Every structure is written in structure tokens, then in C-alpha cells.
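Enquirer: Residue-level listing of the chains:
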Amino acid sequence: MHVDAPQGLSRRLSDLLYTRRGLLLLALLGPVLLWFGVIYLGSLFALLANAFFRLDDFTGQVVREVGFSNFVALLEPANLDSARRTIVMAIAVTLACTVLAFPLAYYMARHARGAQKAALYIAVMLPLWSSYLVRLYAWKLLLAKEGAISWLAQQLHAQWLLDALLATPAIGGPSLSFSTMGTFIVFVYMWLPFMVLPIMAAVERIPASTLEASADLGAHTAQTFRSVILPLAMPGVAAGSIFTFSLTLGDYIIPQVIGDSTLYIGQIVYRQQGVAGNIPFAAAFSLVPIVVIGVYLWLAKRKGAFDAL
Amino acid sequence: MPSRWLRISAWAVVLFLHIPLALIVLYAFSAEDKSYVFPPPALTTQWFAVAWEREDVWDAIKLSFQVAAWSTAVALVLGTLAAAALARATFFGRDVISLLLILPIALPGIITGIALRSGFHTLEIPFSFWTIVIGHATFCVVVVFNNAVARLRRLNPNLIEASMDLGADGFQTVRYIILPQLGSALLAGALLAFALSFDEVIVTTFTAGQQTTLPIWMLQELIRPRQRPVTNVVAVVIIALTFVPILVAYLLTRADEPGHR
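Keeping their order, the protein sequence lines are chains A and B. Residue numbers 1 to 309, in this note's numbering, belong to the letters of the first sequence in order. Residue numbers 1 to 261, in this note's numbering, belong to the letters of the second sequence in order.
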């Protein structure tokens, strides 16, 4: 190396960054840390702080004094009820997504090869990335009283079945697009791809020899599934369930477009900050999904879900 | 061989995922404009012409393009820098930083949205085009970051050493060795970030003032349908506009996928 070669500014800077790794790291991370530290963490902090403020009923202004009035209001029966309903929905959606995703994920991981596998992968990825609102709109068309599902029920002479389902209290309603059943179907449809991909990744990691060993030792297909495949695929299920669970908890648009008039957590947060202008209460209520998701993540981590992401 | 039951249920789930999208395309040609009646009584292409004339739709598309372009640009810079810092380095706090990048997309949109809203509110920043861009860029960074990190980890470190041995300085190595290798991954990340921003509605409703992006236009139509045929056409346009970047991004990065063989 020519030590005495003329050194330009760029070369000197480059050498400085090369020898002082800490400086390089700081230069690379500085902008990111600034953006996320100030804008994102700052906003989350503002959210947390707001949860302890309160809205002055007379002036409509936020009073910046620390207090717990929002959290007392959280415990009102109506609010507890919607929190409970949202959590039950999130669990039901997660279970349904697991049941639907498993056969497809398993088939993709163990049986599909080459072009078919690529095609299936794209078939799962396209709905995952394509427009949330357009897919929701599609279900508005499907579930409408005069829509495709009613038509199909008529063609199959199963109108009575549809009517019986809609007449069921708690899940029914005047039509599919105004029933809790409809909300449930749309949630499952929306988040299903998030469940398929992690399960597929987990099943791919099961060595074929493990399944052969299970069969050699005399296990039936069902036994192998229950005692070998399912436990080994669990990290994938847990990883997928983080998405299905947390997305359901926070969504306010799906139940607003498809469903009866009962409110979910997201809708209450949205209304409080929007129509009522009560950002402190909305902030406090948005801590509910954060806490629930935090607990869920902690449980999932113990099950090894993050290794499958 | 897979059992027949497994094969049937796998393909049934694929159908479940795609029939609603196919239906959207069918409805765009429906002659019926008052209800969602199925099957459509007749087919027509007239609604495409009607939608083409609509100023509000064009304005919404333009605004969404601008927002997505700016958000993608910011995400591209921040995501690439973060990937360069985190791809190989091991230092204290590394996991915390990657968690921080994922958080805006891992937490439900409503939380990111209301957090940003209370942040802007506290600092008394009025809502504008730029508050939308700030929100979008924040959750787009992770998409670019993921693509860039996956590619950087596959990059052969010998190439960098060879470049240095041949007398290139750090900047030259970045320009002539690392960036060309990274290019297609960055393009894929940018396309996905663009698609993500173009389609985002939840964070947008919290960070927009009076601006109507295309998803906000769509949401208004979903809640109070006024122009069913136009909405049907716009839905098809959105599908077409988002499918292209997603497919191109997939083709550009499929070798980086962990499951690829």
C-alpha cells in the first residue's frame, strides 16, 4: 500500500469509517434512530401520556394532569363487554385460520414441487399483499342479501340452512352482511394468508426421516399427525396466530362495514378520538389491545414462535 | 402421495382466497347499478368510461401516487442504512432496533395511527400531505429493510475484501460492489413499500386532514355506497395496480426466500 500516496478527502473519510467501526455504525444508524426514536417512540410516548390526561367536559380541551379517570371509565360494563367480545372474536378467528391454513400449508410444504409450488406460493402471497379494502368490498358483494352466497344457497336448495344460521342469536342477523357471522368470515378470509406462510415454513423444517420413523414404528397417519407433525408445526401456528390475533384486535373497519351494530375495541378507539375528540380516553382504550398483545407475545415466545418467523 | 382429502382441502382453501377477487372483476362489468345482485343481469363495459371521466377518482389516484412515492423514497434510504448497519454487525441493542423497525407494522394499524395522531396533536402540527407521508414511511421502512438484510447476508464477503485489496476505498466498494448486488432487492423492497403505502387506509385516516387518498375514497364508498358501478371499476384498477409490483417483487427476490430450493 502506498502510504505516501496523495489522499483525497473521500479516501480519508472512508479510512476513518473503516477503522472506527463505531463511527460507521453511528453514521448508518443515526438517521434511522432519529426517525424512529423521535417520530415513532415519541408518538407512542405521547399516546401513553395522553392516556393519563383527561378531557374537560365543558371546554372540550385536553387537561394535561396525570390521573386515572380514563382507566376507571374503561371498567364500565359496556367497555368491558366490547373488550371481551373483541378478544373472543380474535381467538375464534385464530382457531379458524389455523384449521383452514393447515392443509394448504402442509400440502405446499410436503407435496407441491417446482412450478406448482411457486404458483401456490404466489396464490397465497397475492391476497396477502393486495388491497385490504378491495377484498373487504368483495365480501360486501358476496354477503349482500341479493349477493352470490344467497344465490348459491337458493341454487342448492339450502335457503333454509342460511335462514336457520341467520336466526341463531348472537351470530345471526337480518342478512349475512349485518351479522357477527359475516364479520367472523371476513376476518378469517383477511388474515388467512398470514397463517399459511409460517405454518408452511415450520412444516418444511420437519425432516422427512422423522415422519418415516413414525410410520416405521407403526403409527397411523392420524397418530403421526397428532404426535409428530402437529407439535413440530406449533411454532409456525404460534407465529401465524400473532398476526391473526393482533390484527383482529386492532381492526375497526371490517366490523364497521360487515356486521351488526355491536362495537369492537378498534371502533370505540376510533369514535372516541374522532367524533368525540376525546384523545385521552381513546389512548387509554388503545392500551387494552397493546397489553393483550404483549401478554400474547410473551406466551408465544415461550412456545418458540419467533424462531419460525 | 398426498391423500385425496388433503389435496381437495388445500385447493379448496386456494379457491376461498381467490373467488372474492374474481367476483370483483365480474362486478365491474355488471349492467346493474342499484344493487349487488348476483348473477349480474347483463354485462357491459360502459362503467369503465364513466369512471374514466371522474375527476375525484383521478385526484385520489394522483394523491395516493405522490404519498406512496415520497414514503417509498424515505423508506428506501432509512431501510437500506439500517440493513447495512444490522446485516452483519453484532452489538448491544441490535435486536431492540430490529424490533423497533417491525413494531409499526406488527402492532395493529390503529395503534400506530392513534399514536402518531396524539404525537402530532401534542406538538400542534396540523395534518397535511406530509403527516400522511411520515406515517406511511414509518411502517414502510421494515419492508425495504427485510429485503436488503436478506440480500446482504447472502452477499459474499470475499467480494468486499477483494475490492479493498485492489485499492478501492469504502465508498467505491459500496458504489461498485455492494449496490449493484443489492439493486434488485432494493427495487423489490421499494415496490412492496409502494404497494403497502398505496393501499394503506387505517394509519391514513388518523394522519390525514382533508386529503382523500384512493383508499380513503374507497372506504367512504364502502360505508355509504353512492357510486356502485364506479366503485367496482376502481376496485379492479386497484387490484391491477397492486398485483404488478407484488409479482415483480416476488420474481426479483425469490432466491432470497428461506424456503427457496
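It should be emphasised that the hints constitute simulated quantities derived from the structure, not laboratory data. One should not assume that every hint holds.
[Claimed, not checked] With the Cβ distance kept under 8 angstroms, some of the chain B side facing chain A (calculated, not the full set): (1) Asp33; (2) Pro39; (3) Pro40.
[Unchecked claim] Distance condition first, Cα-Cα at most 20 angstroms in a straight line; then the derived EDC-like pairs of lysine to aspartate or glutamate: (4) Lys145/A to Glu221/B; (5) Lys140/A to Asp165/B; (6) Lys62/B to Glu221/B.
Because the structure is a prediction, the values reported are computed rather than measured. Note that the Cβ used here is the ideal one computed from N, Cα and C, for glycine as well.
Enquirer: Now tell me if each hint is right for this structure.
Expert: Verification of the supplied hints:
no. : hint                 : result
1   : Asp33                : violated (13 angstroms)
2   : Pro39                : holds (7 angstroms)
3   : Pro40                : violated (10 angstroms)
4   : Lys145/A to Glu221/B : holds (18 angstroms)
5   : Lys140/A to Asp165/B : violated (62 angstroms)
6   : Lys62/B to Glu221/B  : holds (18 angstroms)
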